[in-house]
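Participant: Could you build all of it, start to finish, from the sequences and the hints given here?
Residue numbers (numbering that gives the first Met the number 0), protein chains in the order written: chain A, 0 to 346; chain B, 0 to 287.
What the hints contain is simulated information worked out from the structure, not anything from laboratory work. Note that beta-carbon positions come from the ideal geometry of N, C-alpha and C, so glycine has one too. Misleading hints may appear alongside valid ones.
Claimed, not checked - Below, computed lysine-lysine pairings styled on DSS-like, alpha-carbon distance capped at 25 Å:
# : chain 1 : residue 1 : chain 2 : residue 2
1 : B       : LYS68     : A       : LYS200
2 : A       : LYS179    : A       : LYS151
3 : A       : LYS64     : A       : LYS265
4 : B       : LYS68     : A       : LYS202
5 : B       : LYS65     : A       : LYS202
6 : A       : LYS99     : A       : LYS265
7 : A       : LYS200    : B       : LYS65
Stated by the list, open to error - Residues on chain B that point at chain A, a partial pick, calculated with CB under 10 Å:
#  : residue
8  : LEU145
9  : PHE149
10 : ALA181
11 : LEU237
12 : SER244
13 : ASP247
14 : GLN269
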Amino acid sequence: MQPTRTAAAAALLSAVLASPAAAEGLVISNWDGYMPPDLLERFTAETGIAAELAVHATNEEIMGKLVASGGTGFDIVFVSSPFAEALNALGLAAPIDPAKVPNLANLYPEAMELAHDPGNTYSIPYAWGTTGLCYRTDLVETAPTSWMDLLKPAASLEGKVTMLSTDRWLMGAAALALGKSLNDTSAETLEAEGALLIEAKEKLLAYDDTTFYAKLVSGEASLVHAWDGWCNYGIAENPEIAYVIPTEGSDLWVDTMVVMASSENKDAAMAFIDYVLGQETGVWVAENILYKTPNKVAMEALDPGLLEAFPNMAIPPAELIGYEQLRDLGEGQRDFSRKVTEVMAAQ
Amino acid sequence: MLTRGARLAYLAPGLLWLGALLVVPCAILLVNSFFLRGVYGGIDYIWTVENYTRAADWLYLSIFLKSAKIAGLATLFAILIAYPAAWAIAQAPRRRQAALLVLVILPFWSNYLIRTYAWMVLLNREGLINEGLEAVGLIGEPLTLLNTEFAIVLGLVYNYLPFVILTIYAALARLDRSLIEASQDLGAPGWRTFLRVVLPLTLPGVAAGGVFVFVLSIGNFITPDLLGGQKIQMVGNLIYDQFLSARDWPFGAALATVLIMVMMMLLFAQAIAVNRGAGRREAREARP
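Facilitator: In structure tokens form, the structure reads like this:
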């Protein structure tokens, strides 16, 4: 009797556990507000495929869920490229079938040769951009041109600059200033970056990667380390705010769509990606969240006035592709994290 | 007296709750702390104590010490502010005491995060406090109040003060007034009555409140993030970052285990102190 009962219980349990994955329709996880609010409704109306949205606040959050569950429960996730790379390395990403995604042709050719995934074999770029300096033209004496203007600010800017707190971009500012690769985790590079950042910390108002543009608008900060799209939120509120990529360059960040290898609806997932790559979604992303998208037909359909008001929207793909992408650090992550802790804990 | 079965039935919901949501997660944490981080995050199931040897690094110890210092300061100030407040409430007419106690817990009716954001609005360089001080001509340049250790301690004291007031008030309310009168009759000045009679008898309440503030403060990561501008790292932030930024769950689990051990030792020490105090009192009362 006993084994049968156990078997029955196990069958019941697995049925309960498997039910979300077996449900008809797609489960998509994206950042809140990162796609048109009616996108899923329109997709379902057009294709008859049911789709449900889950939201994540950060890459790390969705990554934690996927690693813990082996990817089950989701069909498509929106993540930044280093995380797409890790998902692929962990065997959690499904290969993209280009035959089922004809709208891939809408992408800029540069967006098909991204360093983390040339040929878009497991990830499709959704939005991309740069990281640079966002500042109040009326509050700085001279316009910043170099990463050193952030890391070793002029006396009048001491206590009025902020840096991004997300580890990769924080260290990235120092890497770019020192002319190092963003993905170099050698001891001497980390040492030099750490020393520069600890020195810079004394002059900082705060580390901030969520409200920095608001600090610029209020005048609490005069110069902040910023993603281009977020600087645009400041520009929208105060035209005295400007964005510049320092002469040493930027990183190229890419947010991507990844289909999970565990998905039981891969064809439907490909259909969704194809739908997103249509012109409309790309235009919505650009107009509503002021991010650049690698969707050529969408970017070409934008109102020229928008590009004029937010000049960083017009950075050409040829320039973007010239910047280094953040890559998963793999074995180097541990030394990298320790150095970040050292910077964050420094007095 | 309840029967054994009835006792168990009464305890079951609480035990299940604690077991499922406290003991099991802590056990998972403990087990995970003996594995290794996979190259792409996740966990490689290889037994090792490496995470603990890594945690013994001076860098991480210094973060523990810094957190202990901040939590200690918060505890000290919370007690210094709470004791007189609790005393005043305990001295008030009985009917007013209830109203005063409601006022003490009133801040809990709004969200912790919102209350902490309010401090950001008050403390920043363009904030109300600086503007006020400038308006009355006390300062020429705005003071740097936000994004400092001071702001963190302030936020912690503000948020946990009610707990201390309540525990000290409870001790004061139980205090036998005739002991104070006896001390006064025997000619002790007010300060001596306080030091020799009132304080020792209310010490368990002070300790309970103090340990509460310390334990809640040392593991806090929201207040240092918001009021410290992320420039001051406490152990809560360190653990948070290991799980979320570094995706090094085993190392984060090891650091969390160390923190939980520290907290448990403090709670044990407090429980022992309280028991001993109670034991001594009983012994004294038993004497003829």
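Participant: None of the hints should be skipped; say for each whether it holds.
Facilitator: Structure-based check of each hint:
no., hint, verdict
1, LYS68/B / LYS200/A, "holds (21 Å)"
2, LYS179/A / LYS151/A, "holds (18 Å)"
3, LYS64/A / LYS265/A, "holds (20 Å)"
4, LYS68/B / LYS202/A, "holds (24 Å)"
5, LYS65/B / LYS202/A, "holds (21 Å)"
6, LYS99/A / LYS265/A, "holds (10 Å)"
7, LYS200/A / LYS65/B, "holds (18 Å)"
8, LEU145, "holds (8 Å)"
9, PHE149, "violated (14 Å)"
10, ALA181, "violated (52 Å)"
11, LEU237, "holds (6 Å)"
12, SER244, "holds (5 Å)"
13, ASP247, "holds (6 Å)"
14, GLN269, "violated (29 Å)"
When each numbered hint is compared with the structure, violations occur for hints 9, 10, 14.
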